[in-house]
Amino acid sequence: MGNWQAKWRRIWALTRKESRQVLRDPSSVAIGIVFPLMMILLFGYGISLDVTRVTVAVVDNDASSDSAALVGAFRLSPNFVVRTTRSMSEATGLMLDRQVDGILQIPSDFDRRRHADGADVQIIVNGSDANQARIMQAYAAGPVAAWSAADPSVASSGAVMVVDRLWFNEADDSHYFLVPGLIVLVMTIIGAFLTAMVVAREWERGTLEALFVTPMRPGEFLVSKFIPYFALGMIGFALCFLAGKFLFHVPLRGSMLLLCLASIVYLVVALGIGLLVSTLVKSQFLASQLAMLLTFLPAMMLSGFIYDLRSMPVVIRGITYALPARYAVTLLQTLYLAGDVDGVIWLNTGVLALMAALLILATRLATRKRLA
Amino acid sequence: MTPASTPALQLDRVRKSFRRETGESVLALDDISFSLRRGGLAAVVGPDGAGKTTLIRLLAGLVRTDGGIVDVLGIDAAVDPQAIQSRISYMPQQFGLYEDLTVRENLDLYADMHGITVDERRRQYARLMSMTGLDPFQRRLAGQLSGGMKQKLGLACTLVRSPELLLLDEPTVGVDPLSRRELWEIIRQLIKEGLTVLLSSSDPDEAETCDSVLVLSGGKKLMLASPAEISRLALGRTFVATPPDGMRLRDLEARLLADPRVIDAVPESGQVRLVTREGCVVAGRPAPERFEDGFVVLLHRAGGDSEAGPRTLTQQEPPIRDSAGETVIEVHDLVRRFGKFVAVNGASFVVKRGEIFGLLGPNGAGKTTTFRMLCGLLPASAGTLKIAGVDVRRARASARQHLGYVAQKFSLYGQLTVGENLAFFARAYGLDANQTRARIAWALQQFQLEPYLRLPSAQLPGGFKQRLAMAAALMHRPEILFLDEPTSGADPFARRAFWQRITTLANGGVTVIVTTHFMAEAEYCDRALILDDGKVLAQGTPAQLRALAPVQPGRTATMEDAFIAIVEGSRSDSARKSAPSAAA
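Chains A and B are the protein sequences, given in the same order.
Take 1148 as the starting number for the first sequence in the working numbering and just add one per residue.
Take 78 as the starting number for the second sequence in the working numbering and just add one per residue.
Just chain A, same shape as in the assembly:
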């Protein structure tokens, strides 16, 4: 069929043109390669959600052997660095200067009351970072429990020893769940953001007007936009995957094949959003703003990447069901951390595939060789 041959030749020519533009345009390379690398380094080394080496100012008003033992328990904990102070005002000063993250205050009657009806210690935590504060609060319970367990006089009166075990993330390493999220984020940027920009650019520069008056069909144009950015998205995926494996040693429990499949389906969704946005708004500025609002920010905040979906208000949680990133993050986290859990995987992949099909259909219908 000569017709098909001509069609494929046009698609090939447009794809080659697009690829050349990507390679020659520093901003495409920046978004496609440099951005994933930066995110990997930033999330990998800069932002870690694990709280380690928290500095605590200790105000020991009791100065008994008991209180010294408690302070010792804090010293021994890998989570804390202890700084001894002489008065509460000194400790408060350190906290205000942000030299310490918390204060452990032992009251002067600590030793006496402990042997009577039970004693209190006060732990003050810098609450300006709520997330870190809550983690510290939980950590502080550790040394206290360890100390009371070690003391026979308390143990005999029936203290309970709590044994924590973290499932799925035994190493309690936030990289385990950050890497899958990162893959979603990087593919969102390349798929939706970059694609939305490049199609809008063609409208703005008037390159489409000349191209329209050729035998080119709208579908061919869309395919030619799809291919190079799909490749770029897969490069971003590979970078994140390799960084996860070799830099952060994140294990992959599920199968590599399923991981690739899931990523591809999500990338198609992201590309679909990007193409649809740029078909509807024809200015680069608007397209980038819309892509940012519709894809990047939700992928960052409402996907379960950083913030737990279950702790969100019901309304917000409801909204997340409309966001492709939510399904992608669930899917990738499951594949990475839990393995091939069939139900979760097929449900989420199915939803994403449906979204991809609808987006591509909508884009195809909205793309017309017409100016007004």
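What the hints contain is simulated information worked out from the structure, not anything from laboratory work.
A couple of the hints might just be wrong.
Claimed, not checked - In silico DSS-like cross-links for lysine-lysine, where the CA-CA straight-line distance does not exceed 27 Å:
(1) B:Lys612 <-> B:Lys463
(2) B:Lys542 <-> A:Lys1429
(3) B:Lys463 <-> A:Lys1429
Said to hold, decoys possible - Residues on chain B that point at chain A, a partial pick, calculated with CB under 8 Å:
(4) Arg134
(5) Leu139
(6) Ala155
(7) Pro158
(8) Tyr187
(9) Gly192
Just so you know, these numbers come straight off a predicted model, no measurement behind them.
Here a beta-carbon is modelled for each residue, glycine too, at the ideal position from N, C-alpha and C.
On the provided structure of chain A, position chain B as indicated by the hints.
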């Protein structure tokens, strides 16, 4: 496929309206019917907003009509636009070249789009390259070509295959006279090969050489006829007047334009050419009518020349400083280098108070660079540069106090209203509240902007945007006004109205420096300078420059003849000089 006897175009009662962002509906094309036979060159001409671009887009199947039938090459555009798009070629006004692809890659893309075979391609490329002179630049990125070369590449891209119909939307806007002439040679060559070409233009001189002309105004068809027929509309109504000794050409023109019996007056080769109302004799001796004269009569009859509107000359301001003849700009051996590239190479000139001084030159000659250095926007690499006695290279900020600058592109705040823009610029120049009020009142009156006071400036009609830009640049009563290609793409009426305002300003003591691609406009200048390749090739009064042109058979030489002769002479000289070293 289609018999050659079917017309190339056939339009029947075509209507098209658009909705502006403000919600009002604009009728771009109103009940247009015409048919055009195959073969030959047809032009669509008309003032800004006549509907030329809409018509061409309609024919290209890019816009749908609201009513009526558009038939292109026997195909109904409403039924199968793709069939039309597969058989015609179309060059939009802003041809969308991919600037990060090379000349060759751009051509290849279009060749692939049209499914041109390798053999055919070899033949076509050779022909296109020799036609456009782009051969040596095949590997250059399209973004690094000059304006004229980009336009030629755009044309080459639309011509990679032989279409049955070629649509060109204002192909020569912003292109210098040399490149314009080359583009026209290409178009004529194509006509000879039997192609049908329809182009739009706002320049009546271009329409004169076409086989048939469709005159549009405000969306309505005024006439479709041969240029000669349209010229005849001005039969017996065209004259040329020579200014008496001691009177400037532009003053004579202004005086004639103020006469209600005169419908048009333009300076030309040291004389003023005028068109009068039927049966009126005002001044000068009769001259043969031309297309432009007939065009003006036609539009005047239709009441279309709104830009030329109120003819009364706007009131003059009291002179800024009554010291005509004093030197305000002094440039000596000015040089600007960008790395190894010398953009301006030893330019020297002097401009006196109240003069209109023109900077002429092909695309990429160094006009804009010179301009930017004069305005203190770009530091000079060497040479001296004094404005109103202030050394610009030492004290840029204080030099800027003396000047106003109107950029080529509209560079005001689109979302601010006319009044807000003026108030902003007044404050930015340091005017106090009273001065601001007085200057805004002056500007609204002088530029007839009063009715638009509360309109966001992005929604102003084309000509009024430029008025506003000029008003904003004049808020601080600068002694010197710089205008960068102010008339590029404007229709003849807007251009005339613009020069009237400039004349008024210069008579009030403002020194005006202006760049232009329309050589005829140099006639408005007191003196002008021709620049190419960074070097000053000639400078002097329009008469002195015209004297440099070779003798033209049967007519007096125009400024354009002089310009082309000067630039080509200099280029062949430098080619001869560099030839031995290139051979070595």
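Taking the hints in turn, this is what the structure says about them:
no.	hint	result
1	B:Lys612 <-> B:Lys463	19 Å, holds
2	B:Lys542 <-> A:Lys1429	24 Å, holds
3	B:Lys463 <-> A:Lys1429	46 Å, violated
4	Arg134	6 Å, holds
5	Leu139	5 Å, holds
6	Ala155	12 Å, violated
7	Pro158	7 Å, holds
8	Tyr187	7 Å, holds
9	Gly192	5 Å, holds
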